[in-house]
Each structure stands twice: as C-alpha cells, then as structure tokens.
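K.L.:
This is what each chain is made of:
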Amino acid sequence: MGYEGVPGVVETREAFGETTLVVDPARLLEAAAHLRDEAGFNVLADIAAADYLGWGELGVAGYIGTASGRDLNAPGSQGYARRPEPKPKRFSLSYHLLRLADEPLRVRLQVWLDEGESVPSVVSLWPTADWHEREAFDLMGISFDGHPNLTRILMEDDWEGHPLRKDYPIGGEPVRFSGEE
Amino acid sequence: MAMVARGAPIYTGSRIPSPIPTVLTPNPDEVPLEDVLTVNFGPNHPSTHGVLRLIVDLNGEQVVGISAVIGYLHTGFEKTMEQKTWWKGVTYPARVDYVSFQYNELVFVLAIEKLLAMEVPRKATWMRMALCELVRIHSHLVYLGTSALELGAISMFWYTFRERDLVLDLFEMVTGVRMHTRYFQAGGLAEDIPMGFYAQARDFCTRMPKAVDEYEAILDDNKIWLERTRGVGLLSADDAIALGQSGPVLRASGVDWDLRKREPYLAYDQVDFEVPVYYGGDVYDRYRVRMDEMRESTRIISQCVDRLLELQGEPWTSDDRKVVLPPREELHTSMESLIHHFKIVTEGYRVPEGEVYVAVESPRGESGVYVVSDGGPKPWRVKFRAPSFVALEATASCMKDVAIADLVAVIGSLDAVMGDTDR
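So the protein lines, in turn, are chains A and B.
Residue 163 in this note's numbering sits at position 163 of the first sequence, and the numbers go up by one each step.
Residue 146 in this note's numbering sits at position 146 of the second sequence, and the numbers go up by one each step.
Incorrect hints may appear among the rest.
As the list claims (entries may be wrong) - The calculated lysine-lysine pairs, modelled on DSBU-like cross-linking and capped at a C-alpha distance of 35 Å, are:
#1 B:LYS210 with A:LYS87
#2 B:LYS88 with B:LYS400
#3 B:LYS400 with A:LYS87
#4 B:LYS79 with B:LYS261
#5 B:LYS88 with A:LYS89
#6 A:LYS89 with B:LYS322
#7 A:LYS87 with B:LYS223
#8 B:LYS343 with B:LYS88
#9 A:LYS87 with B:LYS79
#10 A:LYS89 with B:LYS400
#11 B:LYS343 with B:LYS114
#12 B:LYS322 with B:LYS210
#13 B:LYS261 with B:LYS114
#14 B:LYS322 with B:LYS343
#15 A:LYS89 with B:LYS343
#16 A:LYS89 with B:LYS84
#17 B:LYS261 with B:LYS322
#18 B:LYS400 with B:LYS223
#19 B:LYS84 with B:LYS400
#20 B:LYS343 with B:LYS84
#21 B:LYS79 with A:LYS89
#22 B:LYS79 with B:LYS114
#23 A:LYS87 with B:LYS343
#24 B:LYS88 with B:LYS114
#25 B:LYS114 with B:LYS400
#26 B:LYS114 with A:LYS87
#27 B:LYS261 with B:LYS84
#28 B:LYS210 with B:LYS223
#29 B:LYS88 with B:LYS261
#30 B:LYS79 with B:LYS223
Hints are computed from structural coordinates only; laboratory data are not their basis.
On a predicted model such as this, the values are computed, not experimentally measured, just so you know.
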C-alpha cells in the first residue's frame with residue numbers, strides 16, 4: 001500500500017518487513033488523522049520512545065566501544081562491527097499503528113525530537129494514547145502539547161529525572177579488583 | 001465494520017470519559033457533589049490483583065467517578081535489559097507478565113530472531129506453541145480462580161489451582177522450573193524435550209476439557225454468579241477499539257480479532273482451532289471467551305503433541321554457533337566450542353542494527369515488543385507493549401451504573417497483571 005497521500009512525510013523506510021513513516025513533528029496530527037480516517041488504522045497499539053544520546057559513540061549507558069570498531073589497546077572492549085547509521089535527533093517516538101480489519105496491516109509512524117521539543121498529543125484521535133503518552137513523558141521526558149492530563153504515571157509524582165534516558169545513572173556498586181589503587 | 005458481524009450494539013454512543021479518557025469524574029448535573037464520598041482502594045488490597053490503586057468516587061453504593069493509579073510495581077525491566085547482553089536479556093521478560101510468563105519471553109526471542117533473520121527448527125516452533133498454549137490455560141485458570149473467589153465462589157479457586165498445578169508440573173518436567181523458565185532462546189529451545197512430556201501432555205489434554213466442564217457446572221448454573229456478571233462492566237466494540245483493547249476483552253465485545261488467526265506467527269496457520277467471540281461486552285462474556293479459549297488451547301496442545309511425536313530426533317535448536325551455545329558435551333573435546341561458549345556467555349552475540357516491533361496473542365491480548373539494536377551485543381532499547389497496561393485504561397469506560405461491589409468483578413474481568421502493567 002502506498003503512503004503518498006500522508007501529509008508531512010519526511011522519509012519512508014522499509015526494513016525487516018516493516019514500514020516506517022518518518023513525519024515532521026509539527027504535522028504529526030495531520031498525518032495521524034489521515035492514517036486513521038483515510039487508511040483505516042483504527043488502533044494505536046503502542047507508543048515507544050527511544051533515547052539515542054551517545055548512539056554510535058563511546059558507550060554512555062551501554063557498553064564501551066570505539067566509533068571505528070574494536071580497540072586493539074583495550075582487548076576487553078566490545079567495539080562495533082560497523083558504525084551505526086547516525087540519527088537525526090536525540091529522541092524518537094514510534095507510534096505503532098494497526099489496521100484492525102479483514103486485511104490487517106501495521107505501520108510505524110515516527111517523529112524525531114531534540115531535548116525540550118514537544119509533539120502534539122494524539123489523545124483526540126486514539127483515546128488509548130493517554131497512558132502511552134504519560135509513560136513517554138514520565139520515563140523519557142517528552143512533552144505532549146494538548147494532552148489533558150500529562151502527569152507522571154509509573155514513577156512517583158515528585159520524582160526527579162526521567163529514568164529511561166541514557167544519561168540517567170543506573171546506580172549500583174562499582175567493582176573493585178584486587179591490586180587496584 | 002466487517003469484523004463485528006452480528007449482535008445488536010451493546011450501547012449507543014461512546015462511554016469514554018472526556019476530556020481525560022481514563023478518568024471518570026462525577027457529573028454535577030446527575031449527582032449532587034456534596035453527596036459524593038471519595039474512597040481510596042488499594043494499592044494493598046487483595047482484590048486489586050496486585051498493587052493497583054483506585055480512587056473511587058461514590059454516591060451511596062454507586063460508582064460515579066474512578067481513576068486508576070499504577071506504577072507501584074515499576075521495576076525498570078526495560079532499563080535493566082539495556083545493560084545486559086541479548087543472551088542474558090532473555091531471562092528478564094518472563095518476569096514482566098509473571099502469570100503468562102512464556103509470552104514475553106517468546107516475543108523477545110522472536111524479535112531477536114527477526115533482527116538476526118534466523119531460521120528456527122520446526123520442532124522448536126511446535127514446542128513453543130505447545131508451551132505457550134499451556135501458559136494460556138495457566139493464565140486463564142488464575143483469572144478464573146481469583147475472579148470467582150472475589151465474587152464469593154471460593155471453591156473455584158481450589159479447583160482451578162488443581163489444574164494449574166498440572167500445567168506447572170509439565171513445565172517443571174520440561175524446563176526444570178515451574179515458572180519463569182527461560183526455555184526459549186534465540187535459535188530455538190534451551191534443551192531437548194524430555195521423553196515423558198508427550199504422555200503427560202496427552203493426559204493433561206484428556207483431563208482439561210472435563211475440568212472446564214466442571215467449572216462451568218459450578219458457575220453457569222449459579223444464579224449469584226450470573227447476576228453479578230451479566231450486563232456488568234459494559235464496553236462496546238467501538239469503545240474497545242478506540243481504547244486499544246485486545247485479547248479476550250476485545251473478543252467479548254464482539255470483535256473477531258486474534259493475532260494467531262489474523263497475523264499468524266509460529267505455526268498457528270497449520271493448526272485447527274476456533275476463535276471464540278461473544279457480543280455482550282460484559283463481565284460474563286469475558287469469562288465465556290476465556291472458558292472457550294481454554295478448550296481451544298487444549299485442542300492446539302494435542303495437535304502440537306501429535307506433531308512433536310513425528311519430529312522426535314530432530315534438532316531442537318539452530319546450529320548457528322555464533323548465536324546458540326554449543327552442546328555441553330562438546331566443551332570437553334572441542335576447543336572451538338569452548339571458545340564459542342565463552343564468547344557468547346561473556347561478550348554476547350551481536351545483533352544487526354535496526355528496529356522491529358513484534359506482537360503475539362498473549363492470554364491478555366496483544367503482547368508486543370519494540371527493540372532497537374545498534375549492531376552491538378546489547379539492546380539499545382527494549383519497550384514492551386503491555387496488554388495489561390492498555391486493559392486498565394478501559395477501567396473508567398466500564399463503570400457506567402456499577403456498584404462498589406461490582407467494581408471488583410469489572411477489574412477482575414479486565415485481567416490485568418500488575419507486573420505487566422508497571423514493568
């Protein structure tokens with residue numbers, strides 16, 4: 001199925017048998033309304049936020065590797081076999097849409113945001129987005145314009161920080177090796 | 001809509017509260033606000049199925065406002081899994097939805113296999129189906145036992161837990177543990193199927209339909225059960241779709257939607273089973289869907305056992321040594337196997353860069369996972385699409401004309417597991 005008529009599409013990707021439509025965040029609501037009303041995507045299955053801080057660089061909250069590959073001077077490091085594709089902005093929001101009909105179809109609607117940028121809420125289109133957007137706000141710190149009740153949902157109301165961001169400390173005790181100063 | 005084939009509309013219009021779709025507030029035109037009593041319900045209450053907290057506005061016995069508060073069981077599984085290799089990460093998903101433990105494990109493993117473009121031996125596929133259907137029965141038994149217990153049918157709890165133990169015995173025989181098995185892994189299964197499994201699974205398949213008949217004999221002729229469940233907690237098909245509902249809640253509202261039929265994964269296109277659909281959209285129909293599903297699951301299990309008997313002696317896991325651990329006995333004789341074992345356990349295998357979303361039909365509905373890989377040995381991002389999280393969003397819409405005593409029945413019928421909700 002073609003997605004030519006979807007407003008605000010920046011890029012269309014096909015990978016692993018899945019279609020991703022990257023849209024301009026300012027026109028997200030238009031694109032979402034078009035997909036719901038014209039293309040029949042009546043179910044919003046999920047909203048998944050991801051933080052790409054440090055993507056393809058030295059591990060931030062991931063493992064330690066070098067950008068170009070395995071570091072021969074640090075044999076224990078786990079380098080990339082290949083440098084990953086750079087991402088346009090820090091955060092991605094993926095709306096997993098489902099056409100619940102006799103010919104089911106799935107599409108991923110994706111927007112990219114930087115720290116401090118916000119995205120229009122889709123609660124008016126799919127009421128189920130209420131909690132999904134609150135979760136993205138709570139754990140990733142993404143704000144949604146027009147959300148009727150944008151408060152924390154999984155963490156406590158007075159929690160500081162957004163735990164699923166890559167720069168959020170994971171805690172734990174550092175391991176000390178014998179002979180270490 | 002073509003999928004809602006028959007049945008009168010459950011109610012006209014929408015009952016999704018506005019402006020906040022998940023919070024019902026008392027309507028001052030209908031209820032004098034000075035009569036409204038706000039009561040806190042949970043999080044430590046046995047009928048909330050874990051640690052769900054509800055803030056309920058009451059007018060006498062009638063629920064006029066409700067708001068669900070979640071997050072008391074948030075343990076940061078998704079963050080933890082980013083710190084572990086793909087190989088180690090398989091241990092975690094089973095703990096997310098701890099009642100249908102095999103499904104998150106399955107969906108995570110399927111996502112890894114999709115990124116790796118990995119072929120899985122057919123014996124593993126059929127065994128995965130058999131175990132997943134066993135877990136579906138396990139999950140529905142826990143639902144049935146606890147929900148009936150809450151409405152006063154205490155005996156149900158003992159009967160359902162009798163059969164639940166048989167399911168867990170099968171898991172113990174196959175995997176060595178009764179729950180949270182880590183039996184699925186990228187490439188296939190962790191171990192071969194033990195010889196005794198086939199006979200014991202067959203015994204279970206002959207016993208289970210009779211057990212379901214017994215449950216129905218207890219409940220379906222019970223006037224109290226019928227009056228407490230029929231016409232209570234209504235949710236129309238349109239509202240259910242708008243609220244993203246899936247699984248038994250959606251099928252009880254008259255929507256013929258099951259991912260096993262509509263988007264077949266594993267080998268569900270090769271087994272014979274029916275998808276039960278009911279049109280009442282109430283607590284009773286959600287119960288009916290789950291009862292029928294237990295019978296259908298039994299049918300699927302016995303077809304899987306037939307097929308697995310034909311596949312005896314075939315490999316149970318992929319022979320891709322860059323991903324799958326070498327057989328234990330080779331470690332004593334083969335240097336290469338020892339190296340591979342060491343590398344997979346310490347460093348992990350690398351998964352190609354990309355993002356995928358995989359969904360399966362769990363006992364609670366669409367259980368999905370969105371994973372992002374940067375090409376390294378650890379996932380960059382893991383996000384579970386938790387069916388319980390979505391089911392609880394429907395709490396406010398189901399509360400029309402519900403009394404405080406029915407509240408428990410409605411919450412029970414949505415069958416949310418708080419581990420899954422809060423992750």
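K.L.:
Holds or violated: are the alpha carbons of LYS87 (chain A) and LYS223 (chain B) at most 35 Å from each other?
P.N.:
With Cα atoms ~61 Å apart, LYS87 (chain A) and LYS223 (chain B) exceed 35 Å; violated.
K.L.:
Under the criterion that the straight-line Cα-Cα distance not exceed 35 Å, is the pair LYS84 (chain B), LYS400 (chain B) satisfied?
P.N.:
violated, 45 Å
K.L.:
Mind checking the alpha carbons of LYS343 (chain B) and LYS84 (chain B) for me, to see if they're no more than 35 Å apart?
P.N.:
Measuring from Cα to Cα gives roughly 14 Å; hence the hint holds.
K.L.:
Is the straight-line distance between the alpha-carbon of LYS343 (chain B) and that of LYS114 (chain B) 35 Å or less?
P.N.:
holds, 22 Å
K.L.:
Quickly compare the C-alpha distance for LYS88 (chain B) and LYS114 (chain B) to 35 Å and report which way the hint goes.
P.N.:
Holds, at roughly 18 Å.
K.L.:
Can you confirm whether the C-alpha distance between LYS88 (chain B) and LYS89 (chain A) stays at or below 35 Å?
P.N.:
holds, 30 Å
K.L.:
Would you check the hint for LYS89 (chain A) and LYS322 (chain B), treating anything up to 35 Å between C-alpha atoms as holding?
P.N.:
The given pair, whose Cα atoms are some 33 Å apart, holds under the 35 Å limit.
K.L.:
Assess, step by step, whether the Cα of LYS322 (chain B) is no farther than 35 Å from the Cα of LYS210 (chain B), and give holds or violated.
P.N.:
violated, 46 Å
K.L.:
Starting from LYS343 (chain B), check that the Cα of LYS88 (chain B) is at most 35 Å away, please.
P.N.:
holds, 13 Å
K.L.:
For LYS87 (chain A) and LYS79 (chain B), compute the direct alpha-carbon distance and say whether it is at most 35 Å.
P.N.:
Answer holds: LYS87 (chain A) to LYS79 (chain B) is near 21 Å, not above 35 Å.
K.L.:
Is it true that the CA of LYS88 (chain B) sits at most 35 Å from the CA of LYS261 (chain B)?
P.N.:
holds, 31 Å
K.L.:
Below or equal to 35 Å on CA atoms is what counts here, so check LYS79 (chain B) against LYS89 (chain A).
P.N.:
It holds: about 21 Å lies between the C-alpha atoms, which stays within 35 Å.
Hint compliance for this structure: hints 1, 2, 3, 7, 10, 12, 19, 25 and 30 are broken, all remaining hints hold.
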